[in-house]
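J.: One-letter residues, chain by chain:
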Amino acid sequence: MDILVCVKRVPDTAENEIQIKSDGSDIERDDLVYSVNEWDNYAVEEAIQIRDKVGGTVTVVTVGDEEAEEVLRREMAMGADKGILDADEIFQGSDGRGIAAVLKAEIEKGKYDLVMTGALADDGAGQVGGMLAAMLDWPYASVVNRIEVQGDSQLKVGREIEGGNQEVSEIQMPCVLSIQTGINEPRYVGIRGIRKVASVEIPVHSGADLGIAADLVGAASAKVKRVDYFTPEMGAGAEILEGSMEEKIDKLIEMLKAKGGLK
Amino acid sequence: MAQLFAYIAHKNGVLDDSAAELAVAAAKIEAGAQVTAIVTGTGADLDTACQAVAGIYPVVWKFEHADLVYPNAEAIRKLLVKVVPAGSILLLAHDTFGMDLGPGLSVKLNAAYAPDVIGIEAVADNKASLVRQEYAGMAHAHVGCDLSGGAVLTLRPGSFQAGEDGGAGGQVQDKSGEAGDLSAKRRFVEVVQAETGDVDITKADVLVSVGRGIEDQENIELAHDLAEAMGAVVSCSRPIVDAKWLEKARQVGTSGKTVKPKVYMALGISGSFQHLGGLKGSPFIVAVNKNPKAPIFQVADVGIVEDILEFMPALSEKIQEG
Chain A
1 MDILVCVKRV PDTAENEIQI KSDGSDIERD DLVYSVNEWD NYAVEEAIQI
51 RDKVGGTVTV VTVGDEEAEE VLRREMAMGA DKGILDADEI FQGSDGRGIA
101 AVLKAEIEKG KYDLVMTGAL ADDGAGQVGG MLAAMLDWPY ASVVNRIEVQ
151 GDSQLKVGRE IEGGNQEVSE IQMPCVLSIQ TGINEPRYVG IRGIRKVASV
201 EIPVHSGADL GIAADLVGAA SAKVKRVDYF TPEMGAGAEI LEGSMEEKID
251 KLIEMLKAKG GLK
Chain B
264 MAQLFAYIAH KNGVLDDSAA ELAVAAAKIE AGAQVTAIVT GTGADLDTAC
314 QAVAGIYPVV WKFEHADLVY PNAEAIRKLL VKVVPAGSIL LLAHDTFGMD
364 LGPGLSVKLN AAYAPDVIGI EAVADNKASL VRQEYAGMAH AHVGCDLSGG
414 AVLTLRPGSF QAGEDGGAGG QVQDKSGEAG DLSAKRRFVE VVQAETGDVD
464 ITKADVLVSV GRGIEDQENI ELAHDLAEAM GAVVSCSRPI VDAKWLEKAR
514 QVGTSGKTVK PKVYMALGIS GSFQHLGGLK GSPFIVAVNK NPKAPIFQVA
564 DVGIVEDILE FMPALSEKIQ EG
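Read top to bottom, the protein sequences are chains A and B.
The numbering of the first sequence is the working numbering, which starts it at 1 and goes up by one.
The numbering of the second sequence is the working numbering, which starts it at 264 and goes up by one.
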């Protein structure tokens, strides 16, 4: 099975405190730690496990700039066979649909049985996989937390639905799946693994290479655009306890007793 | 102004809160608009759902079809592309069904797609100013959405609070004849119910709940110690289950359990909306987090800015001393 996994380089929210610039134009990007989008890591691990079971290849692709190459190398160190970087100035400012249009062109350049994305990324939209499937006229399943290969042309997939229940479906290949965290345990990548793939060449595809019309991508084509970031007016929020650790604990214990939190 | 539609999901004929919330959102797009609700399914459940929807919406389109017994987003997309006129604005709940349906539907309708909307601030000149969150709720953004070619919006559950049902006295129109072929390349098989573990966190009065801030599997012990000292039960947020440090039955959130304790200790939990969606019945929430900007502090009653790895053992010790 030939599998393509679409990945994204994002600010790591576990490592960073996200601050908004005073003019709201962007978040503060100095000193941000970037990494591969958490959900994408599970997708790559799943692809590698499927390949190791039934044979085939795993390719990772990202739409980004040169800096995005580092996440491709990281996923190649995990075990992906190949990386592709889709980079072009005309892609900048694309909305989800523009990104999906780039990936569609990339997919049509190759031959894949299965395309995976993460279920979500930093913008919380969860949109590219579903858009891509519709553009390709391939079936789609989102928030997938289980995949079972059934022969050459079909998968059995579980979707994580409300209440932790799992909706099981059969889906024909080729198809697009967006992957939920927890589907597997992504393997650890050490510095040695990264070094091993440091010199592997990663092809860069431009809009012209992919035959993408400029009016399908970029800020001008985007129907949905972020205007600014802002800090909402919040309610009072929590009563923040001040003082030394001991003082905070004493105050809290008093409150817990009053609220029935201590037996 | 574009025509407004809302797709109303139901489970065996029963609506959830989003049915009324979508109507509230539609009124923010156009006050007094004639919103058409679309309801799909089969048999008595479908009729029950349609009657309930007619209490909220002036017009209800009912689609009965053998392929719509289970709400398969792939089949429903095919239906909506046929029956929703070009240029319409269509509202969905941002739940796992809306996430499955929305992106592809927007492509097929050639419409704008705005997912997980939490606010609608203004609509003018075929443009909507919407509010969304990014970076796991750590940043709010205004988003401009071009409505000129229609739009699909998914709305975060709980963000558009509904008042009392208005008794809309809506008309149910059976449109099943327009559905046609709805065969899809994805076939529903079954729903596997979540495992029930040894513990039932839904019955606990006091929950000691841990999140990413616990950092390491070994530290889970600190939560058990604190729970023991407090007479509480240990629960957690999603990353802890993903890491397999605690069992799924202990997860609080929309993809886990819905709990209604008296006291909820949120320890090292940032407070994503999916997590908070599992917290009902207005518990007294104590948040401990080393990040003072964590969204959990907005919903908590009491906040403590500390590293839970130091705070939890200190608290356990103090309680045990009596």
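By construction, these hints were calculated from the structure, which means they are not laboratory data.
Any given hint could be a false lead.
Unchecked claim - Below, simulated DSS-like cross-link-like pairs (lysine-lysine); rule was C-alpha separation at most 25 Å, straight line: (1) A:259 - B:553; (2) B:466 - B:371; (3) A:263 - B:341; (4) A:21 - B:556; (5) B:274 - B:448; (6) B:291 - A:225; (7) B:525 - B:511; (8) A:21 - A:111; (9) B:274 - A:156; (10) A:263 - A:251; (11) B:556 - A:251; (12) B:291 - A:104; (13) B:448 - A:156.
It should be emphasised that the depicted structure is a prediction, and the values quoted were computed from it without experimental measurement.
J.: Are the Cα atoms of residue 21 (chain A) and residue 111 (chain A) separated by 25 Å or less?
T.: Measuring from Cα to Cα gives roughly 43 Å; hence the hint is violated.
J.: Going straight from one Cα to the other, do residue 291 (chain B) and residue 225 (chain A) come out at no more than 25 Å?
T.: holds, 20 Å
J.: Run the distance test for residue 291 (chain B) versus residue 104 (chain A): straight-line Cα separation, threshold 25 Å.
T.: violated, 35 Å
J.: Is residue 263 (chain A) close enough to residue 251 (chain A), meaning Cα to Cα at most 25 Å?
T.: OK: residue 263 (chain A) and residue 251 (chain A) at ~17 Å, within 25 Å.
J.: Take a quick look at whether residue 466 (chain B) and residue 371 (chain B) sit within 25 Å of each other, Cα to Cα.
T.: At roughly 45 Å apart (the allowed maximum being 25 Å), residue 371 (chain B) and residue 466 (chain B) break the hint.
J.: Residue 525 (chain B) and residue 511 (chain B): Cα distance at most 25 Å?
T.: Satisfied, since the Cα-Cα distance of roughly 22 Å is no more than 25 Å.
J.: Taking 25 Å as the top limit, are the C-alpha atoms of residue 274 (chain B) and residue 156 (chain A) close enough?
T.: holds, 23 Å
J.: Next pair to validate is residue 263 (chain A) with residue 341 (chain B); report whether the Cα-Cα distance is within 25 Å.
T.: The hint is violated at about 56 Å.
J.: Residue 259 (chain A) and residue 553 (chain B) were given as a pair; does the straight-line alpha-carbon distance stay at or below 25 Å?
T.: The given pair, whose Cα atoms are some 24 Å apart, holds under the 25 Å limit.
J.: Does the alpha-carbon distance linking residue 556 (chain B) and residue 251 (chain A) stay inside the 25 Å limit?
T.: The hint holds at about 22 Å.
J.: What's the verdict on residue 274 (chain B) and residue 448 (chain B), does the C-alpha distance respect the 25 Å limit or exceed it?
T.: holds, 23 Å
J.: Does the structure keep residue 21 (chain A) and residue 556 (chain B) at a Cα separation of 25 Å or less?
T.: Holds, at about 15 Å.
Against the hints set out earlier in the document, violations occur for numbers 2, 3, 8 and 12.
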